[in-house]
Every structure is written in C-alpha cells, then in structure tokens.
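Colleague: Residue-level listing of the chains:
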Amino acid sequence: MQNYFSLLHLTQQFAIDIKALESNYRKIQSASHPDRFVSASPAEKLQSMQLATSANEAYSVLKNPAGRAKYLLELRGINAIAETNTAMPADFLMQQMAWRERLEEAKAAKDLADLEALASEMQAEAKAIQDELIDLFDVTKNLAKATDETRKLIFIDKVCADIHHAIEQIE
Amino acid sequence: MALLQISEPGMSAAPHQHRLAVGIDLGTTNSLVATVKSGMATVLQDEHGHALLPSVVRYTPDNKVIVGHEAQAQQSADPVNTISSVKRFMGRSLKDIADRAHTPYRFVEHHAHTISPSSLTGDGGSRSSPQPALIQEMGVNPQAHTKLLQLQTRAGAKTPVEISAEILKTLKARAEKSLSGELIGAVITVPAYFDDAQRQATKDAARLAGLNVLRLLNEPTAAAVAYGLDNASEGCFVIYDLGGGTFDISILHLSKGVFEVLATNGDSALGGDDFDHRIYCWVLDKVREASEHFAPLSEEDTRLLLTKARQAKEWLTDNHEAQIVCKLSNGSLVDVTLTAQQLVEITQHLVTKTLVPTRKAMRDAGLSIEDINGVVLVGGATRMPQIRHAVEDYFQQEPLTNLDPDKVVALGAAIQANILAGNKNDDDLLLLDVTPLSLGLETMGGLVEKVIQRNSTLPIARAQEFTTYKDGQTAMSIHVVQGEREQVCDCRSLARFELRGIPPMAAGAARIRVTFTVDADGLLSVSAREQSTGVEAHVEVKPSYGLSEDEITSMLKASFSSAEEDKKARMLAEARVSAGAIISSVTAALAMDGSLITATEKQAIETEIERLKTIADADDAHAINQAVDALNHATEAFAAARMNASVNRALAGKNLEDIKL
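Which chain is which? The protein sequence lines are W and S, in order. Residue numbering for the first sequence follows our numbering, starting at 1 and increasing by one per position. Residue numbering for the second sequence follows our numbering, starting at 1001 and increasing by one per position.
Because the hints were derived from the structure by calculation, they are not lab data. Keep in mind that the hints are not guaranteed to be accurate.
Claimed, not checked - EDC-like, lysine to aspartate or glutamate: derived pairs with alpha carbons at most 16 Å apart:
1) W:Lys63 <-> S:Asp1364
2) W:Lys45 <-> S:Asp1629
3) W:Lys45 <-> S:Asp1078
4) S:Lys1064 <-> S:Asp1046
5) S:Lys1353 <-> W:Glu168
6) W:Lys158 <-> S:Asp1364
7) S:Lys1177 <-> S:Asp1230
8) S:Lys1450 <-> W:Glu171
9) S:Lys1568 <-> S:Asp1619
10) S:Lys1353 <-> W:Asp162
Quantities reported herein were computed from a predicted structural model and do not represent experimental measurements.
Okay, chain W solo, but in the shape it has when bound (with noise of 0.2 Å):
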C-alpha cells in the first residue's frame, strides 16, 4: 500500500522539499487526470479517477504543515486528535485561551484590523513550531513531544480558520 509521501516520490520526514512536492503532484496529474482519458476504457477512467484522486488527497495532506505532521503520525499508529490525546502544556493552554479571548473581543467589537493582527501573530507561532517539529521528527524522533506539538499547529489552524470566517462575516 503506497503512502502520500511514496505516492509523491518524496522521503517520509516533516522537513519536504515543496518544490519537488509541486513538481511531482503536477507530474502524477499529467500523466493521470481523467481529461487524458476521455476516450479511454472504461476500466483506464475508472484507474484514472482514483489515482488523480489519491494525488489531489496527497498533495492536500503534504502540503499544509499541520497536515503533513498529523499524517506522519498516523503513519506511526498515533492519532494526534484522538479525545484521549487532550494533555496540553499549561502555557500554551493559557495562550490558547488569550488567543480566543482576543478572537472574540475582536469579533464582538468587528475589528478587522485586529483579526487580521491575531491571524498574522498566530502565523509567526505557527512557523515556530514547525522548525520545531523539522527537529521533532527529522532528527531526534521524539514522537512524544511531536505529537504536542502537532496538536499546537492543529488548534493554530483551527483558530486561523475561525479569524477567516469572522473576517467574511463581518464583510
């Protein structure tokens, strides 16, 4: 059974190469879009959809930082948001708690300005931790910690999301 990375001729570790990872998804959809095989058996179709399919799943999964750690873990039998997967640092539960705090004021008030702030601040966070996580998994392969980690990056991104939906609303 390939795995995305396999499936992306790309070595399974945090740190990836994107333009490789561009590269190669763009390789896989030419040589497999179901456009290429309009006229083709029905059973080529039906191979055709599934594997621009995996790729498009694949290179979704690889190419967001979050993504690609969550599935890394997986790949070692670790659910990373698995309910009893809940113990956080006490800090970042309070930065966790700042963050949403700050989200609301910002939402309540309609303050784009600041939602815009917040999502940039929680970026810079965001980076951080995936230079750690290079680290993490790449080198001193302390899963443990990496799962933490990776459970930070997921709340960042869910927080992320939620500023982007505020900022529709309020537009």
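Given the coordinates of chain W, work out where chain S should sit on it, guided by the hints.
Modeller: Frame of chain W; chain S shown alone:
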C-alpha cells in the same frame, strides 16, 4: 443524438482525422460557439457575420421558436413570450428569484422530481466485489422538496432548461453548418460559482439540445486558458469575470501548461443586468418625481425601459452623458439624461459587491496583492470604466484587456474541447479546477457537517462516518447540502435520500460511511454504505434538478421518431459504437504497452476482443453491451499496470526546473 464516430472493429480512428468539437459560452446576455481550426481557436459566425448570439428565445404565435437577434428585436413587442437572461433561472426555484417583480415573465411552479436515484449498484470502485446482500431490501425514497420554476409562454410552461436548450440547438446548428459535419462533442462553460443544481441544469440543457458534453468548464478557467496560452504566462493570475448575470473571481497558478485554480469565489446573481436594472429604477424615480400620477408600467414598457437602460449603460462607457428617451404605451413620454458620473454613483454598491468575493478568494488562495502577476478582465460588463478603476485600485496594477472580453471564454472552451476530443496529444495543457462551494450533510439540530471544503481540487472523494442514534434503527435519512453557512436552512439543499435495510443494532453500533465524489465536471454524487457486521449496502444518488431522467428521455424521444423499431436501431448503433470505441482503445493500449502484462493475461484480453468482434456483427444490443463489459473487466489489471507505468514515466522525466535545482 450525436453518436461517436464508428471505427471498424480492430481499427483505431485514423490518426489525422480531425474530430469536430466546439467550445460553447452559454452566457446570460450573449452566447458564442468557437472551435479550433488548423491550430487556431476561432469564434464561429452566423450567416450574417454575427459572432454573438443574444441569449434571447421567443415563442411565436405560429408555433415557432426564434433565437438571437431577431428574438431580441421583438422583445419589447412580445415580452412575455420572449425570454432573455434565462441563465439567471437555471437550477433555481421561485424563491431564489429575488427580482422577479421587475421581469415581465409569468412564473409558475411545478413540483419537481428533485432526485432520480440513478441505480442500485455494487461498489463502483471494484466491480468484482460481491453484490451487497441487502440490495433487495434497500430503497431510495426521493422526497420532492423544491419547486421547479417554469415560465408561462404561449407555447406552454417552459423550464429554464428547455429554453437554454433552444439557444444550444441554435449554436450546434451554426457549428455543424460552418464546419460541415456532425459534432462529436462540446465543452460548455458555466460560471465558476455555479452550484451543483445550476451545473446539472446546464448539462440537462445540453442533452436536450442533442449535444454530447465533453466537459463543463468554469468560465474564468476557460478565459485563463485562452489568455495564458496567448501570452505564454507563468505565475499567479486573477480572472475577474463580470458577465450579464454572474460574477466570478478565480485565482490561478500557471506553470508549464498546468493551470491550477487556487481559489474561486463569486456571486451567481450579480452581473451587468443589475446595472441595467439600477438605471431602470433611477429612470422610474425621475419620471415619478416629474409627474405624481404615474401609472404602473405594462410588461411591454418594463422591457422597453430595461432595453433603454442597457443602451445607456453601454453608451456611457465612451461618453459623458446619455439621453434616455422613449414613449410608453400609456402615451407618456420619458426623457431623462444620465451622466457618467451619476451612473458611477448609482451603481457604486454593485461594484463594491464584487470586491467581497475577491477578498475571500485572495484569502483562500493564501496570497497577497504583491503575489499577483496579472489581472485579466472577462465579460462585457468589465468594459465599464468604474469596474476597471475598482479592479486597478484593489490590485494595484492595470488590468489586462488584450483579448476581447466577450470572446475569451468561448475561445478557451474551444481549446479544451479540441484536447478532450483527442485532436491534440502533446501533453502540454492540463486544467486543475476546484469545487466552488463546500458540500456537506445535515446533522442533528439542523446543522451542516462539511464533508468537502470549498476550493478542493477536482476530482475529489471524501468519506465521513455516521452512526444510528436509536436502538434497532434500520433506516437513516441523508440530506446533502451545499454552501458555507452553518445552518442547513441557509444552504442549498441538493438531495435527500434514505438508506434503508440497516441491520437492527444498538444505538451507535452501526457504521454508515457516506462518500461524496465530485468529478472533473464539478458534479457531485453521494453514496452511503452500512459497513458494520461485514454487511454492505450501497446506494448511489445523483442529484438531478428541474427535469427527471424520464422527462429528459421523453423530450429527447419527442424530437425523434419514437417508433419501437427506431429505438431498437438506435440502441444497436450505440452498442456498436461503444464496442468499436473499447476495441480500438484496448488494441492501441496492447500495441503500446502489451509488455507490461504476462502472455497469458494478454491472451485473455485478446480472446475477449475477438469474442466482442464476433458479437458486434450480430444484431443483439444487449449481448454486445455484455461483451463490452466483459472486455472491460478483463482489462482491469492491465489498466492499473499502464497507469502505474505512465506515472512512473512522468515522475522520471526530468524537466529544466529539476536540472536547475
């Protein structure tokens, strides 16, 4: 009905034979048809040299249907039976049409067959899997829940699908006359922001017009193809497409012939028509100010004033003021002057309205203004100077307008049609498009659980698991919706079906996996499967709007002689066509990649080919179809091996970029 070309069994179509395919821009205001002739995309003209066909259909007193300029000319005289901007009503119900008070049409409602359960089949993914044990007990319970919109004309109540089919038939006839041959298919463009109901309605209209749809293509993507190829562009581009009745914004990444849509957004009920309407309201206000006792307008007057409003808008693109003069049926004279500045003021809110989806798309694409290499304007309404200024202000760069904004979509569609028809085999162009709106299911409390997020690249399949909430529950209702809002009532309802025959179990024990699949046309199909206790049940539903499968079939039949003999002959011809198609494609595949499989496997496929050839000579359509299925089945492993080899070849191929790295 357009049949595929028949090639003799065992013979592939001659390599240099040009297969006639066209691109059709089915617009709100105007429609066009284009094709690729000797490597060049060209718009086809009618016998009077007109490229644009006004999307106006008139049902005349002598039972004729007139489409285009002639119909448009008669519009003010016969407004109720002359339908324009029908695209606004595609896939819509009466409550969606907010501005119906200002159209001269007589709308009627009719309870639609919203769902036609297409089939009860085994797993579409692996045909060798055992038939689901529960299939006998399962059923689909379609519940009509939307009211189908129709327009009352002297020719009877007409659905928007039927009216659009008249426009498509006219373009098909124009193309076949101009190209002297039968079309093998067409690429038809739709606004990127069209939902599933509107896409399905467009496809139904094409079928009704006897067109084989090679692909539904998003209008901004089509424009990007025409533009990108013309300019050999690389990087991130924005397509701002303001048509007669729809607004689309798409952000694409162009790289070595791959057109990847990063995000799309829009408003499927905003376009040049709204500017006309705004002018119309302004004129009415003016005349009411002048005379207190202004009688309500007749349908003829409404149409006349709307036409005058459109002319004034077009005039103001190059002039400072426009005089709107006309005599109404009650004898009163309208004479007002609209300046370009006034037009800007009264339509400012419409221009601003286009920037909201624009910002959303930019956010979804994760790009900022500096990342954008170019902005392309598409659609006649983008000729208005206030639109150009607004776009320029937002993107901080002058928009590109070197291609005719009216034709660029049809030209892009023609290029894609040519590729899909197999006329061009060099793999230098690939379109990766996205789904514009999120797709989800209703969960407890009327909330939406999103299964596929907007802007996901097509094709896509996603599954989600659900369970029963009562002990012994044997059925589950599945409600499919489309939209971004959290409440089901704020989203578009696409389909409802019931999965029955779930084995009785404790609450929460059943595992019902619901899979959403969106194909390359952007059309959704949904399947649900109960998979606990090893028992599988599977039902597939394709949402269908406006017309049921039966209605389409009977309308199609009505246009042919419906004698039983004819039907048999057609079925046989169609079966032979699909036999010819599969034989030629498998034979070509064996010649190219036969080394990928063992001699025994190859022998098995060849045996099936010979068997099909023999059966295709006889007159039994059913037997031919069975032999086609058997041959297809025999080639499954071969198809997988070929796909594998082809992907490996693609990945091994070095291009310039890799070498630089």
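Colleague: Compare the structure with each hint and give your call.
Modeller: Hint-by-hint comparison with the structure:
Distance restraint check for Lys63 (chain W) and Asp1364 (chain S): the Cα-Cα separation of roughly 15 Å lies within the 16 Å cut-off, and the hinted pair is therefore satisfied. Taking the CA atoms of Lys45 (chain W) and Asp1629 (chain S), the gap is near 14 Å; set against the 16 Å cutoff, the hint holds. For a cut-off of 16 Å, the pair hint linking Lys45 (chain W) to Asp1078 (chain S) is broken: about 49 Å separates their Cα positions. The hinted pair formed by Lys1064 (chain S) and Asp1046 (chain S) fails the criterion: a straight-line CA distance of about 19 Å is larger than 16 Å.
Of the supplied pair hints, the one linking Lys1353 (chain S) and Glu168 (chain W) holds, its CA atoms being roughly 13 Å apart against a limit of 16 Å. For the given pair, Lys158 (chain W) sits about 14 Å from Asp1364 (chain S) by alpha-carbon distance, which is consistent with the 16 Å threshold. The straight-line distance between the Cα atoms of Lys1177 (chain S) and Asp1230 (chain S) is roughly 28 Å, outside the 16 Å bound, and the hint therefore fails. For the suggested pair Lys1450 (chain S) and Glu171 (chain W), the alpha carbons sit about 22 Å apart, so the restraint of at most 16 Å is broken.
For the suggested pair Lys1568 (chain S) and Asp1619 (chain S), the alpha carbons sit about 10 Å apart, so the restraint of at most 16 Å is met. Of the supplied pair hints, the one linking Lys1353 (chain S) and Asp162 (chain W) is violated, its CA atoms being roughly 23 Å apart against a limit of 16 Å.
The structure shown violates the earlier hints numbered 3, 4, 7, 8 and 10.
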